[in-house]
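> Next come the chains, spelled out residue by residue.
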Amino acid sequence: MSIKNIKVISRNPDQYLRETKNDIHKVPRNYNPDLHPFQAVREYKLALNAVKLERVFAKPFVGSLTHPEGVTAMCRHPSKLSNIYTGTVDGQLKLWNLPQKNCEWTVQGHSGQVWSIISAPDGQSFFSVGNDKTIKRWSVAAALAGKNDLPQDTWLSDTIITGISHHRYKDEFITCGERVLLWDANTKSPKFSYDWSTSGDRNEASAVCVKFNHVESNLFASSDHANNIVLYDVRSKEVKKLKMTLRVNSLAWNPMEAFIITAGSEDYNCYSFDIRKMDKERRIVGIHEGHTSAVVDLDYSPTGKEFVSGSYDKSLRIFRVDEARSREVYHTKRMFKVNCALWSADNKYVLSGSSDHNVRIWKAVANEKMGVMRDRETTAINYAEELKRKYGNFPEMRRILRHRHLPKSIYHAKKEHEIIKNSQARKDYNRRKHSKPSKEKAVSRAKKAVIGLQDEDYSGEPSRK
Amino acid sequence: MDENNREHKSNPSIKGARKGNVKRDGGQFKRNTGYRKGSNGNPPYKANTHYRDSSNFKSNRRPDMFPGRKVLDPRLRDKYSWGEGVNMAGVRKRSWTRRKRLENKEARVKEAEEEAARAEVLLTENTGLMEANEGTYTSHVAQTDIRDSVDITSATKSFDLKLDQFGPYKMQFTRNGRHLMLGGRMGHLASFDWMTKKLHCEINVMESIHDICWLHTEQMMAVAQKKWVYIYDNQGTELHCLKKLCHVLKMEFLPYHFLLCAGGEVGFLSWLDISLGREVIQTYTKKGRLDVMTQNPYNAVICCGHANGTISMWTPNMKTPVATVLCHAQSLRAIEFDPSGRYFATAGVNREIKLWDARNLGESMHTYRVGSGASTLAFSQKKLLAVAMGNVVEVYDGVTTGAMNKPYMRHRCNSAVTGMQFCPYEDVLGVSTYSGYSSLLIPGAGEPNFDALESNPYLSVSGRREAEVKALLGKVPPELITLDPQTIGQVNVPRLEEKLEAKRKLMYIRVPNIDVTPRYRMKGKSGSAKKFKRKQRAEGDKKREYLKEAIEHRDNLGLNKMKKKKERKKGTEELLDRFKPKTLS
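These protein sequence lines map, in sequence, to chains A and B.
Using UniProt numbering, the letters of the first sequence map in sequence onto residues 1 to 465.
Using UniProt numbering, the letters of the second sequence map in sequence onto residues 1 to 585.
FYI, nobody ran anything at the bench for these hints, they're computed from the structure.
Everything hinted at is true.
Using 25 angstroms as the maximum straight-line C-alpha spacing, the simulated BS3-like pairs for lysine-lysine come out as follows: (1) 101(A) x 59(A); (2) 542(B) x 436(A); (3) 388(A) x 475(B).
Take the sequences, apply the hints, and build the full model.
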């Protein structure tokens, strides 16, 4: 025979088949690129699938907590993830257990609307303010036991108080109403009153919202009916006052970047300010658009990367801090005007309290899978996320990723606002075109939203140092 | 213990032996100290050189000669390369984050390439081979000799089927090489697991069979019959009759796109999405009978051979061929792509076989002359080329390097060859003839190591189902079939032609039709004449505005057609300058 050496492929099936039914299947790999054709297009297809599946699984609504009246105030427990306090239009206060969705404690706290609730930083008690000109402090322990219907403490004020915020460390809190008052929890009268009426008319200058900064803990801000955002420092009496073109309904400090404050405005937008640059033109670091009615409440996520805003257009939006467009819009057929919005401390859920007697619990990431996941599942999800990052900017993927179904009212309002905005831009452009170059200049929207710092010279209001 | 620790500290460069391991296995390493340099002529293993007898440990301590991981063979790195990568010169220096992000990504890609290349040592099986004694040739080795000298399992892979009633036969293996389908012209259709010789089905379709083709699994097969294409399952049950595909002579299945491509008698080329049962497109090629057709496995482009010696390449996205090449002076008999899709071979009636680079269609790489006109060609995974001439099958090695002068193997069948295919992942060449089928052992033809996630010869039923679902989810849309499948990941750079076209458009500006409807005005201002005037004025304004913008844009691009006249500086012209000879400026 003329064969010197011969070898043919002869596989032993035992090496390729599992021995028993309980074994896992053997998967020999060979990474030779010739055996893996069309890698680019196949990956593209997988990315397209991932993008579509994201929208398929985007079911953000988790549940709702039903109240006897419209919900006006919400607050989370500083250390317990499962507990939130809510207040209603008719003055009821409730303590909820979120995972079980049941109400653990109810009390008729105020006569008339509960304006605001805030938790003491130690978590032992919480404060509520109502239309009855009182500030009440409630014990959490007693509430959890479900026995005590009387407040721990009560402070009386001569005017209606519409907002409250607690100092991060000290036993002090701030309230707002006709005046901004600083209280010491141990005394019954306010420690200090910040009286900042510019026009002399108390009603016009009454504050609507007040918020302590929890990083720079002596700093706080308020917004008032005279369209001002006022920055205070507990240690000094000097304030900085920024006049906006329209009223700011709500303020929220970024919990990670202490110098950023976001304001939800009556002009449907949210504005992020850098308080270090309040005297400069570039004070607005972000305009967040999308709502089609006044923004009523804001809350930052604990990561400081996103915030949720509730609006009178009956929807909830989630914005990334560095993006103008909202990442998510939440709405249901039954949800009415949103009065308060809250982000849970574990960064997983978003809560909205609305006039339709409900607090709704939403997922912060609409397509997130809840519960325990297996390793393969986690790997698959991570891979899908990476694919979305890689291919998400392809036009066909972006279209799917960005699409959100909107209720008719919002959809039409959005269109109408677009027309108005374009027409105004066109008008501005035409005016500029037909006037001397030096006379009319393009004004950015960030500039238009703000009239100026109080000690800056602005028309209409007297300058005051 | 103390000693072990010292040893470890003094040898920090040992790879793969982490701290814990060293401590635990310290004694074992010492027991292996029988390895000594030159004790049996071979140098001892690297790791053990560090763990010599503890008595002379210090004296024998030497620095690590090869620190770090094993250096990768650059050829291996090329083989697993993902391409060139991002050209960082084009990234702005100021965009630091973007640059960093790209750099990180490139680093990850590089790491992936390297790890894939390093994983090659883990492959378990070896390629087959055959060497002949001195003075003889491998081409003289008969199948009987091979059968006698290989193991019993492999010997069973060489067999003959005598089917002299319903021939001539067509044949095809599944993608994992496990199953075989035979289709006789006279209607005989059979499919079986050819390794275990287990028959799945055997029927007679009672019509002529022109071509056969497996679909995505061994569960379905497409058969081009007298008039239409039928789909049967592995029991021989007719599942579908595709009346859209009529008078089909040749079929190809694109596994990643789930497309069945059929070439017809009158020159229609059709793509049918078998997952939806919908025809993607039918193209009239205007090239006559499409009986020579194959697919490029690299880019899923269909390649047809024609009677005038040309080949044309088709995608479902264009009504015209994406490429046409004149290959032979006479009619074309066969085309075959190699499994990597880099090369293809064409056979003409003029007894020539040409080898082409699929990425450079300008001219053929090699031209070979064979004894008689080849009727069928087949490429193996290891780039062996089988050529059938009449009833003779010759297998050539190294065809892509230009060394096709002596056949590697040669086999004579009982009758003329009508179909031929190398079995994937096996050293087997299947040959169907007028009167049967022979399975030939060709050592060194197949890829010995399969990737179970792509195609697995040992697939279980549940595995097959899972793979089917996965494949359907990853079905590539037919719009993505292009000559270069990497296009999807690239930036769209305008071609010179497109650039010129854009320039030309700017050179000759045409104002688009402007139609203004004047607003209705009260007090007799909307009479037809006044309205017309207002309309004219508004239109004129718009036109002027458009032109102004367009011209400005053109000027910005430096495309001004009218050169500015040279302005003569005032005061420099002399009185008698007008008598100077006029020069062209």
